[in-house]
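Enquirer: Each chain, written out:
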Amino acid sequence: MYLYLPIAEISVNAFLILGIGGGVGILSGMFGVGGGFLITPLLFFIGIPPAVAVATSTNQIVASSVSALMAHIRRRTVDFFMGSVLLVGGLLGSAVGIVIFNFLKSRGQVDLLVNISYVVLLGAVGSLMFVESLGALIRARRPGGAPPVRKRHGWVHTLPFKVKFRVSGLYISVIPPIIVGFLVGMISAIMGVGGGFIMVPAMIYLLGIPTKVVIGTQLFQIIFVTGFTTMLQAVTNHAVDMVLALLLLLGGAVGAQIGARIGTRMKAEQLRILLALVVLGVCVKLGLGLVLKPNELFSLASAV
Amino acid sequence: MKLRLALLLLLALAGPAGADEKIVLGLSQNSVTISTNFDGENILIFGAVNRDSPPPRDSLMGVIITVAGPESPLTVRQKEHRFGIWINTNSVHVDSAPSYYAVATTAPLSLILKEIEDVRYKISIPRAIRQVGALVTNSQDYTEALIRIRQKSGLYQVLQGSVTLDQNTLFGTRIPMPSNLVEGDYKTRIFLTRNGQVIDEYDTTIPVYKVGLERWLYNLAHQHAYLYGALSLVIAVLAGYGASAIFERLRR
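Chain order of the listed sequences is Z and U.
Note that my numbering gives residue 132 to position 132 of the first sequence, counting from 1, and the numbers run on in steps of one.
Note that my numbering gives residue 75 to position 75 of the second sequence, counting from 1, and the numbers run on in steps of one.
What the hints contain is simulated information worked out from the structure, not anything from laboratory work.
For clarity, every value in this text was computed on a predicted model and none was experimentally measured.
From the three backbone atoms N, C-alpha and C, an ideal C-beta is built for every residue, glycine too.
Mixed in with the good hints there might be a few duds.
Stretch-level coverage of chain U by chain Z, calculated; a stretch enters the list once three of its residues show a Cβ under 8 Å from a Cβ in chain Z [as the list claims (entries may be wrong)]: (1) 32–39; (2) 45–53; (3) 67–76; (4) 116–126; (5) 162–168; (6) 195–205; (7) 219–230.
Listed below are the simulated BS3-like cross-link pairs for lysine-lysine, each with C-alpha atoms no more than 30 Å apart in a straight line [said to hold, decoys possible]: (8) 293/Z <-> 79/U; (9) 114/U <-> 187/U; (10) 187/U <-> 22/U; (11) 187/U <-> 122/U; (12) 285/Z <-> 152/U; (13) 22/U <-> 79/U; (14) 152/U <-> 105/Z; (15) 267/Z <-> 212/Z; (16) 285/Z <-> 79/U; (17) 152/U <-> 114/U; (18) 293/Z <-> 152/U; (19) 79/U <-> 105/Z; (20) 293/Z <-> 105/Z; (21) 164/Z <-> 212/Z; (22) 162/Z <-> 105/Z; (23) 105/Z <-> 285/Z; (24) 152/U <-> 187/U; (25) 79/U <-> 114/U.
Isolated chain Z (complex conformation):
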């Protein structure tokens, strides 16, 4: 069944879009990431104009994050205070990101920036998670149990403006969460992703927030950052396609619930290692795109 998308101005197979939404939804249900880092490249691949793909996936992330957040609120695993601090940084970063995006778009280098950020971030995050979770998996297999990982008192704990985050059980400065939020907000605006795939590791490894609180908290703040980005995209670029978003949403909502069930049957280390592999796979794919000679050396852009 073909549907014509009013903003993308292209007709697509509705089941294909539902399938993409569903497939990515399964992953996001399993790993607690929005899946924007997969949806945006997939939409590029089936011929959705990049601007529409970026703007629309942020709208889709709002929906999947709301869906997932409800479950976390019921389980009381959301640190609203930490989320709000991250949010302050996130909104600032998002505004800066849009400015950078529009500047680079005028210079014709936006694809390059998006691709390089993807490769660098996915590569770094993917290998970090892979090594860490492989280590955890090996330790768990060994009889005698895992050696306890002690809280490190690194540079994060020497900064001023310390605040108590009750749900997370942390007493740290507000500066690191604001910086992390800012960077993720900026990336989400440029790349059309929620930033879950870098937010989750950053919160676990940099801020030391307990894993069970991390996902709910980052979902909470990502709803607002992507909501803000969606609004900016709708107003400045008129690039949010409601029909496309709705198709992705329907697929994503079903997929996420299936994914969540698969997720509960697996160990945390196994989940993390799988996510790391998915992330590294996307990274290699995009990296090859930069290094290998493209089939078409020329590209078209509408001049303003």
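Please build the complex by placing chain U on the supplied structure of chain Z, with the hints as guidance.
Expert: For chain U alone, kept in the frame of chain Z given last:
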């Protein structure tokens, strides 16, 4: 007025061959409407050559049909290998290129249209693109790339020999339009040629526009962007909340 003058001049140049041959046209539809299930469209263009005297025997007649979408300026960028990766380096500004362009003919264009007539009427695809004052030496490569890319996506089409000509009088063709059409008036021109000279031209427009839900959403997104953005968010939040609530109920 200018056109008629040019035409008269042409007729004089063309000589006795095809002196009073005129095009009478028909279209399968007067407009193309883009609705939710739009998946491209074929437009049937047909017509007849109306003449007062029997057709000249010793000259080759040709029919050329062009359909052009709204024109807009473009930037064509070229990738080069720098620092081990492929990045955009040079770019060329194209002053105006049609968003869609199809040329359908009864025979290869070089047989039924002289170069000078192509220049005058801007019939072939390279002539339909306007580009002046490029800052690079290989600007030809850029326009070629533009045509290549748009041909690949079905936006530019050369349909040589696709126009059927019956007894040198009745002609007809089917112009395929892809699903990624831009809205606007599609300028449709039919040329009648004798020995490579244009002896008659018939112009009409086929409006292409969105209708129904497509129209409503597009207008909303452009005219009430804040409302549209807010509506998108409300739908997203409701959908997310709904999915979670439904599955929670199913689990119990």
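Enquirer: Taking the earlier hints as the rules, which of them does this structure contradict?
Expert: As far as the earlier hints go, 2, 4, 5, 6, 13, 22 and 25 are violated by this structure, in ascending order.
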